[in-house]
Amino acid sequence: MTVSLRGFRNLLGALAIGAATVLGTAPAQAAGEAIALPDTRFSFAGFFGTYDRGSLQRGFQVYKEVCAACHAMRQLSYRNLLEIGLSEAQVRAIAASFQVVDGPNDQGEMFERPARLSDRFRRPFPNEAAARAANNGAYPPDLSVMTKARHNGAVYVHALLTGYQDPPAGFTLMDGMNYNAYFPGHQIAMPNVLNPGQVEYADRTESTVDQMARDVTTFLAWAAEPEAEQRRAMGIRIILFLIILGGLTYAVKRKVWADVKH
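Numbered per mature numbering (1 follows the signal peptide of the UniProt record, and there is no 0), the sequence shown spans residues -30 to -1, 1 to 232.
Note that these hints are calculated values from the structure, not bench results.
Even glycine gets a Cβ: it sits at the ideal position worked out from N, Cα and C.
Any given hint could be a false lead.
[To be verified] Derived DEER-like restraints, expressed as beta-carbon distance ranges:
1. E170 x G140: 50 to 56 Å
2. Q69 x G140: 46 to 52 Å
3. A103 x P196: 29 to 35 Å
4. Q135 x L218: 44 to 50 Å
5. P196 x A63: 29 to 35 Å
6. F141 x A198: 37 to 43 Å
7. I209 x V71: 46 to 52 Å
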């Protein structure tokens, strides 16, 4: 996926607000406080990592049914869903289930129509002001590159989604905020959105909170770097080529100099 100027601006925005407003807003983390994240492993991590297509599809389902009500993903078009293993018929049906604004028509008026493969994911709100008005002043950020907003972003997003708890004794929770063990400052505007059995997976995978968080994190990680697998595969091919070339070069050198008397 080619990164547009708009995409670059969104990335800068995510980097600027990601640490403070990932899925919500909260006070700054106390000076010197370090939050240890769980050691969560993903199939896509590492040089040889790949995306689990089943997890990607389940993650998109979680995004569509839970996250899309507040969070946009404007860097993705519906056609990109073909890359996670969905058929063209499935993707066309998904796109057509959303209404997007188009136009103007012959009368100079804007109109709504079912989305097509080429359309970007529909925004949940027409603008930032509408988004804040619907979320008590908090602005739900675009999730297209959210896992790139901080180091080890996928592990952090998974931890955040599973980190809602009752505040410990003596902790003062501000009005309208929720306690999260892994959010800086431990106070976040976004409520706990994942509950056991909330999503009915088509493949009958049990939808525990951890499973849904893992799946949607996988989808968000893919969305931020959909070309990662191809880039890693190319890197491996280049390394293998250089190893073979180095071996052939050494063999030729030995052959050329074999008859030279010292």
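### Message
Taking 50 to 56 Å as the stated bounds, is the beta-carbon spacing between E170 and G140 within them?
### Response
violated, 40 Å
### Message
Does the beta carbon distance between A103 and P196 stay inside 29 to 35 Å, or does it fall outside?
### Response
At roughly 32 Å between Cβ atoms, P196 and A103 fall inside 29 to 35 Å, so the hint holds.
### Query
Does the hinted range 44 to 50 Å hold for Q135 and L218 at CB?
Since the Cβ atoms of Q135 and L218 sit about 60 Å apart, the hinted range of 44 to 50 Å is violated.
### Message
For the hint 37 to 43 Å, verify it against the beta carbon of F141 and that of A198.
### Response
Distance hint for F141, A198 holds at roughly 39 Å.
### Task
Take a look at whether the Cβ-Cβ distance between I209 and V71 falls inside 46 to 52 Å.
47 Å Cβ-Cβ, so the 46 to 52 Å window holds.
### Beta-carbon spacing of P196 to A63 - inside the hinted bounds 29 to 35 Å or not
For P196 and A63 the Cβ distance comes to about 21 Å; the hint is violated.
#### Entry: C-beta pair Q69, G140: status relative to the range 46 to 52 Å that was hinted
At 49 Å between Cβs, range holds.
The structure shown violates the earlier hints numbered 1, 4, 5.
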